[in-house]
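Asker: Below are the chains, spelled out letter by letter.
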Amino acid sequence: MDEGLRFEEQLLALVPRLRRFAMSLSRNEADGDDLCQAALERALKSRDKWQPGTRLDSWTMTIMRNIWIDEVRIRRRRAETFAPAEAGEAVGDAGDRRIEAAVEFDNIDRAMMTLPDEQREAIALVLIEGFAYKEAADVLEIPIGTLSSRLVRGREALMQALGEVA
Amino acid sequence: MTEIDATTRMAYVDGELDEIARRRVERAIAIDPVLEEAVARDRALRERLQARFAPYAEAPVPGRFRALLAADIVPIAAASRPWRRGSRYRWAQGAAIAATLVLGLWIGRQTDAPGLVSSRNGTVVARGRLETALDTQLAATQANDAPIRIGLTFRNHDGSICRTFSGDTLQGIACRDNRRWDVARMAAGERGGSYRQASSGALVGQAQDMMAGSPFSAGEEAAARNREWK
Chain A
1 MDEGLRFEEQ
11 LLALVPRLRR
21 FAMSLSRNEA
31 DGDDLCQAAL
41 ERALKSRDKW
51 QPGTRLDSWT
61 MTIMRNIWID
71 EVRIRRRRAE
81 TFAPAEAGEA
91 VGDAGDRRIE
101 AAVEFDNIDR
111 AMMTLPDEQR
121 EAIALVLIEG
131 FAYKEAADVL
141 EIPIGTLSSR
151 LVRGREALMQ
161 ALGEVA
Chain B
1 MTEIDATTRM
11 AYVDGELDEI
21 ARRRVERAIA
31 IDPVLEEAVA
41 RDRALRERLQ
51 ARFAPYAEAP
61 VPGRFRALLA
71 ADIVPIAAAS
81 RPWRRGSRYR
91 WAQGAAIAAT
101 LVLGLWIGRQ
111 TDAPGLVSSR
121 NGTVVARGRL
131 ETALDTQLAA
141 TQANDAPIRI
151 GLTFRNHDGS
161 ICRTFSGDTL
171 QGIACRDNRR
181 WDVARMAAGE
191 RGGSYRQASS
201 GALVGQAQDM
211 MAGSPFSAGE
221 EAAARNREWK
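The listed protein sequences derive, respectively, from chains A and B.
All letters in the first sequence, in the order written, are residues 1 to 166 by this note's numbering.
All letters in the second sequence, in the order written, are residues 1 to 230 by this note's numbering.
The reader is advised that the hints may include incorrect statements.
Said to hold, decoys possible - Just a few of them, taken from the derived set where beta-carbon distance is under 8 Å, the chain B residues facing chain A:
(1) Ile4
(2) Leu45
(3) Phe53
(4) Ala146
Keep in mind that the hints were calculated from the coordinates and are not lab data.
We treat Cβ as the ideally placed atom computed from N, Cα and C, and that holds for glycine.
This is chain B alone, in the form it adopts within the complex (with noise of 0.2 Å):
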């Protein structure tokens, strides 16, 4: 082989080069077979290379890190602080500390809502206002304006109580899990964010598939909350 030493060959196939070394390499492959053949082997690496992870940077970009970037997430540190319960000082203290971390997102838009989740363990588990509003509110009776607005209530092919909400900022489906909500499914809201992943009509198409049975009536749905959603 000539002169030209295997960083060098590696550096030219890298597109690392200067013009006058790229010339130099590109002459000493004109007249050295063994060169041209070793850089075709390093152009094939490279390919072979990029073909076997080129799949992961085409793929859909999966659910746990769009719900992880595009909503309210607050640690689950934060989150479990105990709160005074219906005092404007919860509401203080939630945007401060959503603000602290600096993990609140939409705040700017949106400075009455501290995070309406947590992640832990790639599970995500509603808090503040959509806890609030899974527990207690009811399709039936919710005023017009709340701010969480709760569809259907069902249960799912695990037994489990699942119900769809609907917010600014998020929108998605909650399933009970040992007195906690966990979020099964989650888009960027009606009216809020960039993201509209998922339309009403897509929410509901999502909760037919989870649903064993039909949705809850009124009287079955007040019932459910008087067993606290067991």
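Next comes chain A alone, as it looks inside the complex (with noise of 0.2 Å):
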């Protein structure tokens, strides 16, 4: 990458592959645009930890999926929280969910969804964004065998999902 790009520039080039990552994360459109908005927002706060001439990529990659991450907890500290309290009420929430499913999503998707977070983002990494095993572990601060057995569990699971022999 050209170092004599300001940051914000390099930075507004890897805009596209942000939203493909942040895509990849979340489960919907709305939420990858949000997660991607906060993810570009703490890189320009913390630009002075960013060391030129080592990968914007996959430092601000990195940046999202631990915002990610942090978002998942706590999605699911709120859902511990309020589901049985809330549980009658979500009955027809739940419905209208299931209709959108239908309608919006196609195979890859729902299939995506039934892998844990853990196997989502590895399989976002390496197979959809063509990060080497190596700089997907770094991103990720797992070692590479961890990775490596992540991708197998999440194809073999993908395929299951998709109809497809394992």
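Hey, can you piece these two chains together into the complex? The hints should help.
Answerer: Here it is as structure tokens:
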């Protein structure tokens, strides 16, 4: 990447890929774009921590992935706290979601949604973003062996969900 | 199937094997139709995933991200600190805050201009010099060398008053919303920045799209200012 470009210009050039990664992590476009926005804002704020000459794409995706993991934790906690009390009201909601799911998502989306987050992020980085194992493992801060086994399990689960023999 | 396990097979598809291991897998594929089929399925899955998400990487960058990365942005928390209007201290403080947050862009090129807009929940609002210009300047009477120049004033389809503006680093359209100016359209300015999304002509075109009725006359513009742009 051209180091003469301003930091913001380099980030802008990365936005298409950052959006793609955000979309593959999250479950719908609105969440994906909010995640992308949050990652860009944090990247701008933390720009002092980025070392020029290192890869800005994996640095920003690390930021994005960490924000996403935090978000997932918060949602999970919220769901645990509120789900029993709201179970009655949520019935209609779940129905709406099913209809939306049937209309909006194609098989791949549904298959991706069946994956645990740790497998989905590995699949997203390597199969969709095209990162090498080493780079993806760095983003996820896990050993390569762990990444590799998550890729195997994730792929097998995807194929099963897609109705193909794994 | 041969002795090639799933991990090795997938690493092969992902291009992660060294030369020797790769040849070993290829030799096994040549004699093992089951393995060959499994590799084809792995490749197909990769392609299917890529095809599903490729449109996001090929789509134009949405305006909200352009705005975030191409403008003078200072968080609203800093922007809403009380200024001592008109004093030199105000500018010094503005520059200091912007530099501290390292969010004020073009600071190097434009040392006298702290952020012109802030972002909150995806809405971009005018602040500082831009807000003052939108509040007070009339197209008919503004100085020729005003740092921010106001173009058209008009009502949009929601009935809010909107004004086009252009400065060195930023141009766009702002609409009045509850004593604030929401920046509805924004692009790099005529003389600054390297992203020239909208020429003045494009800005006028966008204003026309948003406009209900005609642009304000000088008299209507002045009357609207007296009513505080309601």
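Asker: All the hints need checking, so say for each whether the structure fits it.
Answerer: Hints versus structure:
With its C-beta approaching chain A no nearer than about 13 Å, Ile4(B) sits outside the 8 Å limit, and its interface hint is violated. The restraint placing Leu45(B) at the interface with chain A holds, with a minimum CB-CB distance near 6 Å, inside the 8 Å limit. The closest approach between the C-beta of Phe53(B) and any C-beta of chain A is roughly 5 Å, which is under the 8 Å cut-off, so the hint is satisfied. Proximity of Ala146(B) to chain A is violated relative to the hint, the smallest CB-CB distance being about 26 Å (cut-off 8 Å).
Consistency with the previously given hints fails for numbers 1 and 4, ordered from lowest to highest.
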